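Produce the complete structure using the sequences and hints provided.
Sequence lines, in order, name chains L and Z. Under our numbering, think of the first position of the first sequence as 104, with each following residue one higher. Under our numbering, think of the first position of the second sequence as 10, with each following residue one higher.
If you are wondering where the hints come from, they were derived from the structure by calculation, not from laboratory data. Note that the structure is a prediction, hence the values are computed from the model and not measured. Treat the hints with caution; some may be incorrect.
[Stated by the list, open to error] Below, simulated DSS-like cross-link-like pairs (lysine-lysine); rule was C-alpha separation at most 25 Å, straight line:
(1) Z:K343 - Z:K260
(2) L:K137 - Z:K343
(3) Z:K133 - Z:K173
(4) L:K585 - Z:K260
(5) L:K398 - L:K484
(6) L:K585 - Z:K261
(7) Z:K260 - L:K398
(8) Z:K43 - L:K484
(9) L:K484 - Z:K33
[Said to hold, decoys possible] Label pairs and their in silico Cβ distance ranges:
(10) L:G434 - Z:L101: 54 to 60 Å
(11) L:Y242 - Z:D91: 41 to 47 Å
(12) Z:R299 - L:Y581: 36 to 42 Å
(13) L:S175 - Z:F208: 54 to 60 Å
(14) Z:L238 - L:S210: 31 to 37 Å
(15) L:L400 - Z:L44: 16 to 22 Å
(16) Z:N293 - L:Y242: 25 to 31 Å
(17) L:S210 - Z:I108: 37 to 43 Å
Quick reminder that beta carbons are idealized off the backbone N, C-alpha and C, glycines included.
Spelled out, the chains give:
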Amino acid sequence: MSTLMVLVIVIAIAAAGYFIGRQRAVSKEGGNVKPHSLPHYHGWWVFLASALPAILFIAVWAAATGVYLERSAIAELPTRTADTVIASQSLELGMVSGIARGLDKLSDAERANLPQTFAELQPLLASKGVALATEGQDYMIPIATEWNRNTAWASSIGGIVAIVLALAGAVFGLSGVHVRARARNNVERVILGALMAASGIAILTTIGIILSMLFQTITFFQSVSPSTFFFGTVWDPRFAAAGSGGSQGQFGLIPLLAGTLYIAFVAMLFAVPVGLFAAIYMAEYASRSVRSVVKPLLEVLAGIPTIVYGFFALVTVGPFLRDLSAALSGGYAFIQAQSVLTAGIVMGVMLIPFVSSLSDDIITAVPGSLRDGSLGLGSTKSETIRRVVLPAALPGIVGALLLTASRAIGETMIVVLAAGVAANLNINPFEAMTTITVKIVNQLTGDLEFNSPQTLVAFALGLTLFFITLAMNIFALYIVRKYREQYE
Amino acid sequence: MTDIALNPAAPASARPARRDIGLKRRYAAERRFKLYGIAAIAIGLFFLVALMYSVFSNGYTAFWQTEVNLAINLDPKIIDPDNKRATDPNVLLTANYPILARNALAEKLGVPATNKPAMRELGKLFSEGVRGQLRDLVVANPSLIGTTQSVWVLTGADIDSAFKGQIDLTVDQTRRKVSDQQVEWMNKLKGEGAMSQRFNTGLFTYGASSRPETSGLGVALIGSLYMMLIVLCLALPIGVAASIYLEEYAKKSRLTDIIEVNINNLAAVPSIVFGLLGLAVFINFFHMPRSASLVGGMVLTLMTLPTIIIATRAALRAVPPSIRAAALGVGASKTQMVFHHVLPLAAPGILTGTIIGLAHALGETAPLLLIGMVAFVANSPVTPLDPSTALPVQIYMWANEAERAFVERTSGAIIVLLIFLAVMNITAIILRRRFERRW
Numbered sequence: 104m105s106t107l108m109v110l111v112i113v114i115a116i117a118a119a120g121y122f123i124g125r126q127r128a129v130s131k132e133g134g135n136v137k138p139h140s141l142p143h144y145h146g147w148w149v150f151l152a153s154a155l156p157a158i159l160f161i162a163v164w165a166a167a168t169g170v171y172l173e174r175s176a177i178a179e180l181p182t183r184t185a186d187t188v189i190a191s192q193s194l195e196l197g198m199v200s201g202i203a204r205g206l207d208k209l210s211d212a213e214r215a216n217l218p219q220t221f222a223e224l225q226p227l228l229a230s231k232g233v234a235l236a237t238e239g240q241d242y243m244i245p246i247a248t249e250w251n252r253n254t255a256w257a258s259s260i261g262g263i264v265a266i267v268l269a270l271a272g273a274v275f276g277l278s279g280v281h282v283r284a285r286a287r288n289n290v291e292r293v294i295l296g297a298l299m300a301a302s303g304i305a306i307l308t309t310i311g312i313i314l315s316m317l318f319q320t321i322t323f324f325q326s327v328s329p330s331t332f333f334f335g336t337v338w339d340p341r342f343a344a345a346g347s348g349g350s351q352g353q354f355g356l357i358p359l360l361a362g363t364l365y366i367a368f369v370a371m372l373f374a375v376p377v378g379l380f381a382a383i384y385m386a387e388y389a390s391r392s393v394r395s396v397v398k399p400l401l402e403v404l405a406g407i408p409t410i411v412y413g414f415f416a417l418v419t420v421g422p423f424l425r426d427l428s429a430a431l432s433g434g435y436a437f438i439q440a441q442s443v444l445t446a447g448i449v450m451g452v453m454l455i456p457f458v459s460s461l462s463d464d465i466i467t468a469v470p471g472s473l474r475d476g477s478l479g480l481g482s483t484k485s486e487t488i489r490r491v492v493l494p495a496a497l498p499g500i501v502g503a504l505l506l507t508a509s510r511a512i513g514e515t516m517i518v519v520l521a522a523g524v525a526a527n528l529n530i531n532p533f534e535a536m537t538t539i540t541v542k543i544v545n546q547l548t549g550d551l552e553f554n555s556p557q558t559l560v561a562f563a564l565g566l567t568l569f570f571i572t573l574a575m576n577i578f579a580l581y582i583v584r585k586y587r588e589q590y591e
Numbered sequence: 010m011t012d013i014a015l016n017p018a019a020p021a022s023a024r025p026a027r028r029d030i031g032l033k034r035r036y037a038a039e040r041r042f043k044l045y046g047i048a049a050i051a052i053g054l055f056f057l058v059a060l061m062y063s064v065f066s067n068g069y070t071a072f073w074q075t076e077v078n079l080a081i082n083l084d085p086k087i088i089d090p091d092n093k094r095a096t097d098p099n100v101l102l103t104a105n106y107p108i109l110a111r112n113a114l115a116e117k118l119g120v121p122a123t124n125k126p127a128m129r130e131l132g133k134l135f136s137e138g139v140r141g142q143l144r145d146l147v148v149a150n151p152s153l154i155g156t157t158q159s160v161w162v163l164t165g166a167d168i169d170s171a172f173k174g175q176i177d178l179t180v181d182q183t184r185r186k187v188s189d190q191q192v193e194w195m196n197k198l199k200g201e202g203a204m205s206q207r208f209n210t211g212l213f214t215y216g217a218s219s220r221p222e223t224s225g226l227g228v229a230l231i232g233s234l235y236m237m238l239i240v241l242c243l244a245l246p247i248g249v250a251a252s253i254y255l256e257e258y259a260k261k262s263r264l265t266d267i268i269e270v271n272i273n274n275l276a277a278v279p280s281i282v283f284g285l286l287g288l289a290v291f292i293n294f295f296h297m298p299r300s301a302s303l304v305g306g307m308v309l310t311l312m313t314l315p316t317i318i319i320a321t322r323a324a325l326r327a328v329p330p331s332i333r334a335a336a337l338g339v340g341a342s343k344t345q346m347v348f349h350h351v352l353p354l355a356a357p358g359i360l361t362g363t364i365i366g367l368a369h370a371l372g373e374t375a376p377l378l379l380i381g382m383v384a385f386v387a388n389s390p391v392t393p394l395d396p397s398t399a400l401p402v403q404i405y406m407w408a409n410e411a412e413r414a415f416v417e418r419t420s421g422a423i424i425v426l427l428i429f430l431a432v433m434n435i436t437a438i439i440l441r442r443r444f445e446r447r448w
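Okay, here's the thing in structure tokens:
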């Protein structure tokens, strides 16, 4: 009995419960007693009482079955020795489950005289569309048969229990249908529980982010000490072949952090003046009609995916800067196509709308009385802005800039395409540098063994990135909130 | 009266010279300041135009592909030299179809089959993709064998670029990818009307390929579609439920404070971190398949959730308290009040926020790279569990290819992506304009 079928049966029972429950509630109306809940609430309560426990049980049972199957298969696998062909136990387990899945697709006749060796089994399964790894072993076949037998057994037990639970729930719900039964309150309590669970997902995500990265980072720090990671100045992870051992790479964070901050700095250097002046002009000078055209146009820049900016940097800005520098120096291109400058400028363009729309809001929020006072004393408009409006808006603007900077630090696709991959530690903005995000992508794309320091380091980098941006965000929100209280 | 009017110069000259308070300088500063603002906006708009121009000028040609019309004789002697096709279906699958196309082309251009170097040049005129094209034709209808069929065949990527004028034909032929002989043939075919540009349907149907002319966005479009559906089905209900709880039910407590700060922070977490989460939790811990659009959709859901929650809360807050008071006043329970009155009134705002969140998710690349969606997927995925790619990831993969023809394809793909995003955002704006209610 497949899980899907059980699920359908459970839902069908619950739906039947809904209709019967509603019917019963309708038939009990009409006496002298005023009914407490509308009939459909009774129906829904029967539905929930029937479906909810059964579905919960199915989920728990499926998880438990998976664990049990793996345990029992591992127990039957031959003890691992130095000359075991297959690299890891999880790989072995994966093969067994692959064979089991393949055996499932065979007809009964074929299963009755199953080939005993893997070499014979493989083409048979391949003809059913199940491709298997070549180094499967003969001993896996009986384990896989056993696996399938356990699966069938577990799913039929689980299915029966789930259906019984659904029926019991429906009977329980139906027995509770009275004129004065508080069905609506029951249903609403379940709804409230669901709403609470949904808002818990936000917390779960954060916990998931922190825990998943923390565990991998701890594993990483078991092979590489934290001090060499945080203070190392050489990044050379050296993709060692599995099992060769000895060739330990160097994982220094400093060049990556320097590159990240440098590129973000260049981007901010470009985006802050442009964005701020654009915001000032739109908030203080522009007429309504100009504003209604220019503001959405600038915000288009914020809606363009970052991969498009990366491509723009790669095929347009990078070559342009290289050719420009070659023309300036007469032949030698001192600006490389992939450089801090290229990445910084293009990222700066991406950040313009963030700076401008955030500061625009903050500048418009400065009370008009401050402006009127200043203008009334005879200062020009620009003097008012520089001496009165901007100082009043400063905390908010600083908060907005911090938020923008944290976006610059976490940006990935522009730097992947425009900044280069060489982990240099230099101060020349015309050469390539690399960032934390680029290295996370580099370390994790491709099929890699998951427990080597070369891949685990990506999680350590991710955690570092997470905490840097988190600190900036919290600080920015703190400043923004504090500022808001001044004028309200 | 008249005396004074007749003598106006006297009092003016008597007025003391005005004290210089730097008014000129201050006005100049004022003009400069205003100019800075205009310059800043001009810079922003300049880059917007430059970006769009760069993409569109590189990419619009990608929607046309050069094809050549050939009268191909499906010669049974070449397709099935041993006459075994009745017993062995593999014969039709493995036959040497490009030879057929080459012979047809040689006949058309009058190249003798004995001229080996010319035949080799000729073979590069059309794409290797002809193999699959003719195979599908013959396998679908074996009775065509022996007949002569008129077929439009894709040209090779270099010929395509030359035909579109993207290759400088004035340089010496050893330094470019098409030979003078090929250019001559090309012009001859063009003159006869046998070679022309046709709408590039392949761009939307083909999967991954190492040849630019037969690579397309088919897999990526399906993958992105699946992911958007998953994001919509997961993020919208969860986001709306969470916002309803926080906005309508939750009492101000330490826990709800934590949730609030949490959601605001999640909205600002770098997207790549969500990719790490997906890799560690969904793939490593729950053993979900790599490269699957299901996992991609779930990662994007977590990423979009804060956006939707923030938009929904704003929409709920915009519903005036009088509506709630009126509903409660006529005896609705709190749940009835929320679901029957507040939620329908907030629906346009929620929808707008959701569409904007979806548009954001559609353009997101970084987290998908980490969960292995940078895969060479040639066959269209059927279910969300099959390996697939996504539109922005396909752009990333093509951007890393060196060939000129891939730059064109990349820009074409970007145009497709930008059109999707524009449609979504414009829908959101129209919805907002149409249904927004000011209380």
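To see whether the hints hold, each was checked on the structure:
1. Z:K343 - Z:K260: Holds, at roughly 14 Å.
2. L:K137 - Z:K343: holds (21 Å)
3. Z:K133 - Z:K173: OK: Z:K133 and Z:K173 at ~17 Å, within 25 Å.
4. L:K585 - Z:K260: With Cα atoms ~23 Å apart, L:K585 and Z:K260 stay inside 25 Å; holds.
5. L:K398 - L:K484: holds (21 Å)
6. L:K585 - Z:K261: Roughly 19 Å separates the two Cα atoms, so the pair holds.
7. Z:K260 - L:K398: Violated: Z:K260 and L:K398 sit about 38 Å apart, past 25 Å.
8. Z:K43 - L:K484: holds (9 Å)
9. L:K484 - Z:K33: holds (14 Å)
10. L:G434 - Z:L101: 54 to 60 Å: Holds, since L:G434 and Z:L101 (Cβ atoms, about 59 Å apart) stay within the stated range.
11. L:Y242 - Z:D91: 41 to 47 Å: holds (44 Å)
12. Z:R299 - L:Y581: 36 to 42 Å: holds (40 Å)
13. L:S175 - Z:F208: 54 to 60 Å: Check passed, 58 Å falls within 54 to 60 Å.
14. Z:L238 - L:S210: 31 to 37 Å: holds (35 Å)
15. L:L400 - Z:L44: 16 to 22 Å: Holds - the Cβ-Cβ distance for L:L400 and Z:L44, about 20 Å, lies within 16 to 22 Å.
16. Z:N293 - L:Y242: 25 to 31 Å: Holds, at about 27 Å.
17. L:S210 - Z:I108: 37 to 43 Å: For L:S210 and Z:I108 the Cβ distance comes to about 42 Å; the hint holds.
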